[in-house]
Amino acid sequence: MSTDRRKLFEVVERMPTFSQSVVRILHLTGSGDAAPKELVRLVEHDPILTMKVLKLVNSAYFGLGRQVTSIKQGVVYIGVNTIKHLAISIAAMGALPRENAAGFDMDAFWTHSLVTGSAARLIAQRQGIPRNDTTAWFIAGLLHDIGQVVLAHAMPEAYRSVLQGARERRVPLVAVERELLGTDHAEIGAMLGEHWKLPEELVTAIARHHDADGAADLPAMGKAVFAANQLAKLTDAGASRISAVERFPESLRQWLGLSLEGLVEALDGLPAELDAARSFVQLPGERS
Amino acid sequence: MKLTMRGCRGSIASPGPDTVRYGGNTTCLQVETAAGDTLIVDAGTGIRQLGLDLMKRAPVRCAIFITHTHWDHIQGLPFFTPLFVPGSEVLICGAFDPVYQKSLAEILSQQMQYCFFPVSDTELKGSIRYETLREGQVVQYGSATVRNIVMSHPVFDYGYRIEADGRSLFFTGDFEPPVNIYSPEDEEYEDYAAGMAAQRAVLLEMLRGVDTLVIDAQYTEAEYRAGKVGWGHGTYHTAIALAEDAGIPRVLLTHHDPTRTDDAHDVIYAGVLAERAGRPGPEVIMAREGLCLEI
Chain A
1 MSTDRRKLFE VVERMPTFSQ SVVRILHLTG SGDAAPKELV RLVEHDPILT
51 MKVLKLVNSA YFGLGRQVTS IKQGVVYIGV NTIKHLAISI AAMGALPREN
101 AAGFDMDAFW THSLVTGSAA RLIAQRQGIP RNDTTAWFIA GLLHDIGQVV
151 LAHAMPEAYR SVLQGARERR VPLVAVEREL LGTDHAEIGA MLGEHWKLPE
201 ELVTAIARHH DADGAADLPA MGKAVFAANQ LAKLTDAGAS RISAVERFPE
251 SLRQWLGLSL EGLVEALDGL PAELDAARSF VQLPGERS
Chain B
1 MKLTMRGCRG SIASPGPDTV RYGGNTTCLQ VETAAGDTLI VDAGTGIRQL
51 GLDLMKRAPV RCAIFITHTH WDHIQGLPFF TPLFVPGSEV LICGAFDPVY
101 QKSLAEILSQ QMQYCFFPVS DTELKGSIRY ETLREGQVVQ YGSATVRNIV
151 MSHPVFDYGY RIEADGRSLF FTGDFEPPVN IYSPEDEEYE DYAAGMAAQR
201 AVLLEMLRGV DTLVIDAQYT EAEYRAGKVG WGHGTYHTAI ALAEDAGIPR
251 VLLTHHDPTR TDDAHDVIYA GVLAERAGRP GPEVIMAREG LCLEI
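Just so you know, the sequences run in chain order A and B. Residue 51 in this note's numbering sits at position 51 of the first sequence; the count goes up by one each step and never skips. Residue 172 in this note's numbering sits at position 172 of the second sequence; the count goes up by one each step and never skips.
There could be a bad hint or two in this list.
Claimed, not checked - Simulated crosslink set (DSS-like; lysine-lysine; CA at most 25 Å straight-line):
| id | chain 1 | residue 1 | chain 2 | residue 2 |
| --- | --- | --- | --- | --- |
| 1 | A | Lys37 | B | Lys2 |
| 2 | B | Lys125 | B | Lys102 |
| 3 | B | Lys102 | B | Lys56 |
| 4 | A | Lys55 | B | Lys102 |
| 5 | B | Lys56 | B | Lys2 |
| 6 | A | Lys55 | A | Lys37 |
Simulated from the structure, these hints should not be mistaken for laboratory data.
Build the full structure now, drawing on both the sequences and the hints.
Laid out in structure tokens, this is it:
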């Protein structure tokens, strides 16, 4: 795999964002009086755009004295205009086709990412994390599966077999990835996060979001992303169809004081977040 | 350390009978240390006359710090005579433009392309050295130490802190204090406010112990609220408030709006002083071209 990994990074460097984001951002910024908070919402809801903007602002190009870990912080630090220009230039590189050779459903991926991000944030709030600090948890949830996109685009044929195998044999996707590719999307996503110099706790959360055996040792953000991922699958038939809900570790049950099903009930804001995620992925006027 | 305001107009040079007293040239600050080192911040049209004055004691050796590359901060550079004269040594420092991915040298040489200006930068006879600064990078220039920090403005803008002779001065370049992009009823409002507070704390740390603050104060509060939010400039009140928060004893208000007449300036200045009469806080000075202060 070692030679392929450089190739994987190159794929991601060139990887465009979601077509819906591109349409929305160009529409919003073309009107001339775009509300900054709308722009922030658009960028924050697109995992690839978020990662690319964070990667750029933390790069040597900017030479900033402090690390930027969220889009909002970036807007305060270097201004909404700069973030807007970055988003436009990233968006202008084109859009990911919603269909791809691997048969990877980008809309379902995106919806699942948004639900996981929102759930991770709700869990953070429930665990007493100050609201101001929960953005990083949202980003961690949003990006946890980013490795899947990398693999689907870097090796479409092989990944088609992986998806098919997981679906037909009803085996967790990570297991089939390891079997057929010698790596998995958590590892690749974490490598990408490291490569792009994302904060360590975020990289750990991405790396270990399937590590049920080691869940007891996970930092809180990692625990929340693990739980949020399972919760998102439990509440979304689309996401569970390629990768079933996994064993929920006892350590997480203790940490939360709830079972996974209990957590679904306890998170008041969840139904609204699910609706918001589904409608966000659709373009206006488009029917599911 | 001595500060001379060589240009304090914002946006565009505005010469004419109505701007004689405060001056029509765009931003340029000249700083002379006791040891004779010359530092210049920004190369608006005010740098033209400064160049001619410096030539009287040629060869010229100086460092120019660019806050950002909007026209009113670089347009005088092609008319800075020392650049054309053999024997001059000019160091030009500023940020890389991360959005356009161009260095300061590339951007400045673009304004000397033939369609804009008859002499190209390759024909300059002085010795010119460019230095791209990272945020927080410290530059030692002779007896002066210069630090930078990213300021809130639509383009990447460095504020500079210059220290020499045991004194210090800070110039913001263009600066609009961040405003919360959310409404108080939005869920994200407090999160964003906390981010703003953290950013302010970093700025206040940079301003700690500064003796004189030179700051963008282009608008009145009323002008600002009537459609100038997000244009990248501050008001008289936000400027003074920053000096107060940072405990800075003297503040110079600059980057005057090009439409502001001398008489209008006098009225605003009198109003600001009247409002502050009897209150503790910084000495407030309306910057004008030619104003020379011992820092």
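Going through the hints against the structure:
As the CA atoms of Lys37/A and Lys2/B are separated by approximately 44 Å, the hinted pair breaks the 25 Å bound. For the given pair, Lys125/B sits about 24 Å from Lys102/B by alpha-carbon distance, which is consistent with the 25 Å threshold. Restraint check: the Cα-Cα separation between Lys102/B and Lys56/B comes to about 34 Å, which exceeds 25 Å; the hinted pair is violated. For the suggested pair Lys55/A and Lys102/B, the alpha carbons sit about 18 Å apart, so the restraint of at most 25 Å is met.
Under the criterion of a C-alpha separation no larger than 25 Å, the hint pairing Lys56/B with Lys2/B is consistent with the structure, at around 18 Å. Of the supplied pair hints, the one linking Lys55/A and Lys37/A holds, its CA atoms being roughly 21 Å apart against a limit of 25 Å.
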